[in-house]
Structure formats: C-alpha cells, structure tokens
Amino acid sequence: MRTYLTVMFNSEGAKPSEVSERLCMLGFKPVQGNYDYIYDWDTKATVKDAIWFGDKIHTILKGYNVLFKLETI
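Numbered by numbering that gives the first Met the number 0, the letters in the sequence shown go through residues 0 to 72 in order.
No lab work stands behind these hints: they were computed from the structure.
A couple of the hints might just be wrong.
[What the hints assert, rightly or not] Simulated DEER-style distance windows between Cβ atoms:
#1 Gly12 <-> Lys43: 29 to 37 Å
#2 Ser10 <-> Lys43: 38 to 46 Å
#3 Lys68 <-> Lys14: 13 to 21 Å
[Claimed, not checked] Straight line, CA to CA, 20 Å or less: simulated PhoX-like cross-link-like pairs of lysine-lysine:
#4 Lys55 <-> Lys28
#5 Lys55 <-> Lys43
#6 Lys14 <-> Lys68
#7 Lys14 <-> Lys28
#8 Lys28 <-> Lys68
#9 Lys28 <-> Lys43
Values in this document were obtained by computation on a predicted structure and should not be read as measured data.
Note that beta-carbon positions come from the ideal geometry of N, C-alpha and C, so glycine has one too.
Work out the full structure, taking the sequences as your base and the hints as a guide.
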C-alpha cells in the first residue's frame with residue numbers, strides 16, 4: 000500500500016523546505032509527478048490506518064498554513 004500526498008503552499012505560511020523536512024520525519028519521500036510525496040506502508044494498511052495517518056500529518060503540519068490531500072491505495 001502507498002499513501003500519496005499533494006501539498007498546496009501559502010505565501011503567508013511555512014517555507015516548502017520546512018514542510019518537506021516535517022513530512023520526511025514521518026517517512027514520506029519527495030517525488031516528481033502527479034504527487035509531491037509518497038509513503039510506502041510496511042504492511043497492508045486499512046482505512047483506519049489511513050485515517051490515523053491523516054491525523055498524524057494534520058498534527059505535524061498544524062500552524063504551517065498549508066493544505067494537503069491524501070490518497071491511499
């Protein structure tokens with residue numbers, strides 16, 4: 000399973016390098032293409048796992064003034 004993440008930045012928010020550093024702390028890898036980051040799950044993730052991970056991303060980016068979109072498949 001993989002979780003794909005797209006981030007939208009705000010000029011009044013944190014720098015992209017700061018956001019990237021935080022996301023990499025969670026295990027995301029920056030990529031080129033349709034998504035900005037990919038997270039590879041070690042095991043088969045459930046919907047509950049994906050929601051829990053979304054909450055974790057929300058917490059780590061709180062105050063950074065960015066929007067994010069997740070897709071786990």
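Results for each hint:
Under the hint 29 to 37 Å, the C-beta atoms of Gly12 and Lys43, about 34 Å apart, fit the expected range. Look at Ser10 against Lys43: about 39 Å separates their beta carbons, and that is inside 38 to 46 Å. For the pair Lys68 and Lys14, the beta carbons lie near 20 Å from each other, so the given range of 13 to 21 Å is met. Between Lys55 and Lys28 the CA atoms are separated by roughly 16 Å; this keeps the pair inside 20 Å, and the hint holds.
A distance of roughly 18 Å separates the Cα atoms of Lys55 and Lys43; the hinted pair therefore holds under the 20 Å criterion. Between Lys14 and Lys68, the direct Cα distance comes to roughly 18 Å. Compliance with the 20 Å bound is thereby established for this hinted pair. Proposed proximity of Lys14 and Lys28 is supported: the alpha carbons are some 17 Å apart, at most 20 Å. Only pairs whose Cα atoms come within 20 Å are accepted, and Lys28 paired with Lys68 is accepted, the gap being roughly 15 Å.
The suggested pairing of Lys28 with Lys43 holds, with an alpha-carbon distance near 18 Å, which does not exceed 20 Å.
In this structure, none of the earlier numbered hints is contradicted; all agree with it.
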